[in-house]
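Got two chains here, separate frames each, mind docking them using the hints?
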Amino acid sequence: MYSYSDFDESFVRARVAQFTNQVNRRLDGSLTEDEFRPLRLMNGLYLQLHAYMLRIAIPYGTISPHQMRQLAHIADTWDKGYGHFTTRQNIQFNWPVLPDVPAILSALADVEMHAIQTSGNCVRNVTADHFAGAAADEIADPRPYAELLRQWSTDHPEFQFLPRKFKIAITGSPNDRAVTKAHDIGLRMVRNAANEPGFEVIVGGGLGRTPMIGVTVRDFLPEADLLPYVEAILSVYNTLGRRDNKYKARIKITVHETGREAIAEMIEARFAALRPLFAGNDQKLLADIRQAFAPPAFRTAPTDAYDAFYTADPTFRSWADTNLAAHRNAQYAIVTISLKAHGQTPGDATSAQMRLIADLAEKYGHSDLRISHEQNVILPHVHKSDLPALHAALTTQGLATANVGLLSDIIACPGMDYCALATARAIPVAQELATHFEALKLEHEIGPLKIKISGCINACGHHHVGHIGILGLDRAGVENYQITLGGDGTEDAVIGEKTGPGFAYTEIVPAIERILRAYLDLRLEPSETFLHAFKRVGMEPFKLALYDTEAAQDAA
Amino acid sequence: MSRRFTPKVVTANRLREGDVVYLTADDHWSQIHQDAELIEDEAHAQMRLLHAAAQKLLVVGAYLADARPGLNGPEPTHFREEFRTRGPSNYNHGKQVDLA
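Just so you know, the protein sequences line up as chains A and B, in that order. Its first residue numbered 10, the first sequence is counted upward by one per residue in my numbering. Its first residue numbered 297, the second sequence is counted upward by one per residue in my numbering.
These are calculated hints, taken from the structure and not from any lab test. This one's a predicted model, so the numbers in the text were calculated from it and none came from an experiment. Glycine is no exception: its CB is placed at the ideal position from the N, C-alpha and C atoms. One thing to keep in mind: the hints can contain errors.
[Said to hold, decoys possible] Here are some chain A residues the structure puts well away from chain B; computed CB gaps all over 12 Å: (1) Arg252; (2) Phe302; (3) Ala435; (4) Asp501.
[What the hints assert, rightly or not] Some but not every residue of chain A turned toward chain B, in silico, with C-beta under 8 Å: (5) Ala314; (6) Asp426; (7) Tyr427.
Just chain B, with the same shape it has in the complex (with noise of 0.2 Å):
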């Protein structure tokens, strides 16, 4: 029995500016996690991280993290990946006023 697969999303980092970047269903890359493509098979994962490590343009660092399907699209499960969704506690800066 293979373990069940806990869902994905494909993110990582602009290229030019650095942000925290997350691959949608139809190929863009947004900064918004709820935008992302919540991936639920293995393989279909593995196809969607090699196509967003080809974007050598675009993205770097490219890899899967958990996410749960939530009200309006994934959401993250690890605190880590939360931060990414937002930006640093001790300033208002980052995503958290860059997309307010």
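Chain A on its own, in the form it takes in the complex (with noise of 0.2 Å):
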């Protein structure tokens, strides 16, 4: 992986120096609490409801088992033994007081990590695809690409004040596994019909409020282009965005009220002037940047101990069946760590946790790991021969849960649990659904199926991508939990249904078992998953099935 520069590595310190200051001067009274809070918040430091929170980058999703061991050592010693991976490939502490954030950053920096631009107007950590660089339907690695964007975005003075903030997603496979539609900037590797492979721009995508799919302004990028494109996309956005009205002020809502033809030539206009400008520098620098992320050395070995293992374990194949994911390299896999064991908080990890798994990528991963905007931690390269040991050391610490792409892989906001956003709780509800569907041991019979949950309308939980979406919401007073069917965030990106009137905390497990038993009712054959299933049906039989008062109390 990418390995910091002198100039990142003086970047990263001085900013440190520069936060302590800022601390020292808050906690003896030189700076006031409105002087301070955009300082905390470049620096990745928010106050929640119970604590403050720290949230660090963690670059595309790729992490080192040294940072992780970091993570760990941060958990154990300035927090409360655990830490959140988040839907932004980040990691939130929950609990650090404020005197010890400068150490905290300082332990951060001697491991290249940090948490500038986790929040703030600018461009945040840059997302990818975290099967990067393993995925067997993959064009090219996205990574050196999100590495140069994130270099270019760092500090850019022009870009540090923009309307609102900006996500970059990449990924370099035609399955997008990036949710690359719900970001500010899309980048799609595709190939042209020379077979060179360059990028469809996609732009205006998001979630939130207003949730919108992102439009194609550009089908075929260069690869050369990337950068002045990237750049004119974001002078056209910082120029036309509005400032006024920070519910309008993301791109989507520019794009929305541009109209797509009209911004398409404004960036083409805004990249001509720019072009000429980048002489060439970044192509260098990306050609570097591609050495760090070279492939390891894969290694060649009989994989029939694997093949045995498999027919032989129950156990063991239902986590294979689940957990796995066809790697380029016939002889390896990419194993997906579970963060969802049933009853558990989706993403959460303790540190013990973290160290077993910074032990097994070394001892079987060639050293690399990810994060994904799933919640879950990625081993990308195992050689098939090692998944048996893999996975029985996993479940020493219970990270062999068996439900990758199932009912408990569930995408959970941190909610009103942490969150002072959040309108409601949504841990509980993903810790209830996975739980109770464990209980009735239907999520193997029910398949693939997404259920991503938000605790208010700003989607962290990327419910709206759901194939059964969960907003949590205060409704005069009480929780309410709204129900969205259909949504999809791949490829094929679809923004979720909503059924109609929502249901109290009470009774929003019993409303998803009503809708999934209608499902096991309706589909053709088994292998008709929840989402073919809704797209063949539409919504009125979910309807009936949640609001049919006798239906509803049958089942209640």
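In structure tokens form, the structure reads like this:
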């Protein structure tokens, strides 16, 4: 993976020193909270419901075992022994105290990590396909481009005070695992007629209050044009974006109000002016960065032990069936370590789990680790012969849950258990859904299903693109949960459709059960997934199951 | 006719620790909601809020939260404020253990 240059190192260290002084000046009264707040946010420090929260970037979800161990150390030394991985490929610590934050940032700098630009109206952590560099369907590893974008956007003088925050996602595969169509800029690698790789550029996607699927402003962008083109988009947005109304400030509104044609023309015009200024240094830099993402030295060894174990051990087989994905090297597999054990908080890992994951990455995974936006940890390169031993080791720390892609692999934002913006809780709903369906032993029968839960309209839990989305609201002083169905975060992105009136906290799990029992009754065959069935039959049968009072009472 | 004033407490987060505190009638910050001064008069509420906001080295983000009288002191009326009195529901962290 990429290692900090002297420039990166001194930049991050200088920022730690700056922020240390700012914290001291806040604590001695030289800075007011109004003065300090933007400074702490620039360094990822929020004040939440019960405590401060520090949000740390994991650029494009790539993290080394060494860094993972440092996160475990931070969790034990300055927090409560765990960390929360988020839908933005960040990690959040929920309990730091203000005087300790400079020490935490210093410990992060020791392992080439930081919390810069994890808040504020700037370009945030660039996210990427968590299977990057390993996926069988990939055209090219998107991470060198993501790293180029990270370097370019970090402390970029023109883009520190955008109208609103700005999120870029990138995938190197036609199968979009990075939800690129729901980002301010989505970059999807494609090939042109000459078979050269480049990007489909999607602009103006986003969830939140006004969910929108991004529009394509360029079908094919040569990879050498990436930086000037992205700069052109930012530049147009920086000029046009609305600063008068926070709720209309995201680029999705700019695109919507300007129109796709008009904004694409403005971007092209700005690009024409900017392109000559990029004289090739970005391409030299990209070539250097690429070296850092060279594939590991794949091992060649027999895989029959894996095949034999797969046949012999049903627990292992169940885990292999759900948690493995196809690697481009047929002897290897991509392993998703589920942070969704039934009843646990989605995305949370204890320090002991982090250390075990780090050890296993070194032992079996070519020292490579990823964090997915679905709040799991990925070992992208594991030789199949090592899978039985890996699985056995994961079991020792409760990390072998065989549920990836199933009902209990739920995305949930922190919700009102932590977040000051939340209007309802999300985590306990996820916990209860997982344990409820585990008790019914239904999740394997239900099959592939993405449930996503947000505790407010800002949609950090991506509920709009959940096959089943749940949005927690405050209705007249009571938690109320609105359901959407049919959302999809892939290359065929769709915003889910509201079912109707919401459900109380105690009614939401039974409501989801009614939806899923209706699905089991109406599917043509077990291979017809919930999403496929929904696309075939539409909303009506599910509405009937949800709101028909007799059925509702029977199920209750 | 002006609307009847809903009783309030002054609440904030402590600057250093970030935890939730309530302003008491004798000008202390308590971690316990029931220790808070229950303010029944709007003008007095504004005075108390100003007093709280002035304590820049102690607390952050002071505001008035609805409350009602209870057997042992003021009780929160909204679920958000109720959660703030104890901590998150997924772990035994925060006040629910710190004060136990």
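Here is how each hint holds up against the structure:
1. Every CB of chain B is more than 12 Å from the CB of A/Arg252 (nearest about 24 Å), matching its label as outside the interface.
2. Interface exclusion of A/Phe302 from chain B stands, the closest Cβ pair being 36 Å apart, more than 12 Å.
3. Non-interface call for A/Ala435 relative to chain B: violated, since the shortest CB-CB distance, roughly 10 Å, does not exceed 12 Å.
4. Consistency note on A/Asp501: stated as away from chain B, and its beta-carbon is indeed over 12 Å from all of that chain's, at 33 Å minimum.
5. The beta carbon of A/Ala314 is not positioned within 8 Å of any beta carbon in chain B (closest approach about 39 Å), and the interface hint is therefore violated.
6. Because the beta carbon of A/Asp426 sits about 4 Å from the nearest beta carbon in chain B, less than 8 Å, this interface hint is met.
7. At its closest, the beta carbon of A/Tyr427 sits 6 Å from a beta carbon of chain B; the interface hint therefore holds under the 8 Å criterion.
Hint compliance for this structure: hints 3, 5 are not met, and every other hint is.
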